[in-house]
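In numbering that gives the first Met the number 0, the protein residues as written are 0 to 475.
Any given hint could turn out to be false.
Cut-off 25 Å, straight-line C-alpha distance, at most; resulting in silico cross-link-like pairs (DMTMM-like, lysine to aspartate or glutamate) [stated by the list, open to error]:
1. LYS266 to GLU70
2. LYS27 to ASP151
3. LYS183 to ASP218
4. LYS190 to GLU70
5. LYS282 to ASP359
6. LYS266 to ASP218
7. LYS183 to ASP263
8. LYS282 to GLU428
9. LYS27 to GLU185
10. LYS190 to GLU428
11. LYS282 to GLU360
12. LYS282 to ASP294
Treat the hints as calculated values from the structure; they're not laboratory data. The structure displayed is predicted, hence computed values, not measured ones.
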Amino acid sequence: MLFNTVDFAFFFPVVFFIYWFLLKRNLKAQNFFIVVVSYFFYGFWDWRFLSLIFISTLVDYLVGLQLGKTENPHSRKVLLITSIIVNVGILFFFKYFSFFLFSFVDSFKFFGNEIEKSTLQIILPAGIGFYTLQTLSYTIDVYQKKVVAHKDPVSFFAFVSFFPQLVAGPIERASSLLPQFSTKREFEYSKAVDGSRQILLGLFKKMVIADNCAIIVNDIFANYETLPASTLFFGVLFFKLQIYADFSGYSDIAIGTARLLGFDLMKNFNFPYLSRNLSEYWKRWHISLSTWLRDYIYIPLGGSRVSKSRKIFNIYMVFLVSGLWHGANWTFLAWSFLHATFLLPFIMGKNRKKYKPIADEGKIFPSFSTLWRIACTFLFLVLISVWFRAENLEHAANYYHKMLSFSILENPNINLTFLAFIFFFLFLEWLQRGREHLMDIGNIKSRFARYGIYFIIIFSIFYFGAASQVFIYFQF
0 MLFNTVDFAF FFPVVFFIYW FLLKRNLKAQ NFFIVVVSYF FYGFWDWRFL
50 SLIFISTLVD YLVGLQLGKT ENPHSRKVLL ITSIIVNVGI LFFFKYFSFF
100 LFSFVDSFKF FGNEIEKSTL QIILPAGIGF YTLQTLSYTI DVYQKKVVAH
150 KDPVSFFAFV SFFPQLVAGP IERASSLLPQ FSTKREFEYS KAVDGSRQIL
200 LGLFKKMVIA DNCAIIVNDI FANYETLPAS TLFFGVLFFK LQIYADFSGY
250 SDIAIGTARL LGFDLMKNFN FPYLSRNLSE YWKRWHISLS TWLRDYIYIP
300 LGGSRVSKSR KIFNIYMVFL VSGLWHGANW TFLAWSFLHA TFLLPFIMGK
350 NRKKYKPIAD EGKIFPSFST LWRIACTFLF LVLISVWFRA ENLEHAANYY
400 HKMLSFSILE NPNINLTFLA FIFFFLFLEW LQRGREHLMD IGNIKSRFAR
450 YGIYFIIIFS IFYFGAASQV FIYFQF
């Protein structure tokens, strides 16, 4: 089920009413209800894949219980390995089996031999990369004794399947989200208002910005061979804007929806396009995945407290995992390799500049130095995004070849008004950079001004919103 559909517009009010008005006094009933509606929410897309999330949840629940009962090092390792094999095995089969099979077959062509490809078609379950990391992190935390094994199966199943963030995150940790299922929840008007604002913001990002960008991007990438380089550049620029509005829009709706149910989810985007270098960008973009990779891949490999060569290896390994997580395509590996390569100077440098969390705090406009750094970082992110959007390596190489031609000087055939509107939106993010999110406008005292903002956003969604499209990160 998509957030930006009529189905969800009917689904959530019913859930909200039953949750708060009929089940308010019974915590266990609320948790059980969350499991039921979460499975309905996920099964609405394809009920066949409910078995996968059920198996992952059940295995990690049982493994966690056994880890809580034994101190034997060998038994604990066997239990942890069991959880990893089950979760990663399911993920590998559905997400990577065809990729590695076809890559293996194609390697024979390179040596002059050819074998027939399998006709097996494997459908990728939506959100499998997200809930797999979430439930797997629980087992690892229990193994490392960072959290206590959870004994209540209902609340644990609710933790893994919680529908607001089930399909595309944020990827929550057991230490943060699980206790919220064990604590009585009270309806708070201020939280509900803030959650509603963030939902409104997410729908605006998705339907007005991302979906309109998608129309432009899809057309340019499909016809890039016939278009001038200038138009191709704006094609990848619009894609970079699309993926941010699409993914952060989903996170906004997820966080807002959870708040309406009395839960606090972690912040997943912190105005990433205001980053002043690549290192800062990865602290602001998809924070739940970045911190997951840091805590469960980078640090266990030794982190930064190792030799320089090993530190470089650790960085490349993290981005290799990130590339594979994003998709079964060589383009994602190329994208992750380039990110790791250009990130190295920021991480390895002895005199790394440490920026204040809020750039030019108190200023309406950025200084020239700040603007220059933000522009250079954003330009790099735009140019490297061809690898993320291209269908394969050949498509990416051809797109770059055409984009770097002399036709870059030609007049691009794009909607400059829409582009100006998006950059105005980013300027509003600059003004709100110290707030929790763009619609964190509780500081505006005038009720007339606040309701005026609501009206403009709602009007924009209905008048300028494009046809509903699947969120980009559903494929991950």
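Hint by hint, here is what the structure shows:
1. LYS266 to GLU70: violated, 35 Å
2. LYS27 to ASP151: holds, 10 Å
3. LYS183 to ASP218: violated, 50 Å
4. LYS190 to GLU70: Outside the cut-off at roughly 42 Å; violated.
5. LYS282 to ASP359: holds, 18 Å
6. LYS266 to ASP218: Cα-Cα ~33 Å, so violated.
7. LYS183 to ASP263: holds, 14 Å
8. LYS282 to GLU428: holds, 17 Å
9. LYS27 to GLU185: holds, 14 Å
10. LYS190 to GLU428: holds, 21 Å
11. LYS282 to GLU360: Answer holds: LYS282 to GLU360 is near 19 Å, not above 25 Å.
12. LYS282 to ASP294: holds, 13 Å
The structure is inconsistent with the numbered hints 1, 3, 4 and 6, although it conforms to all the rest.
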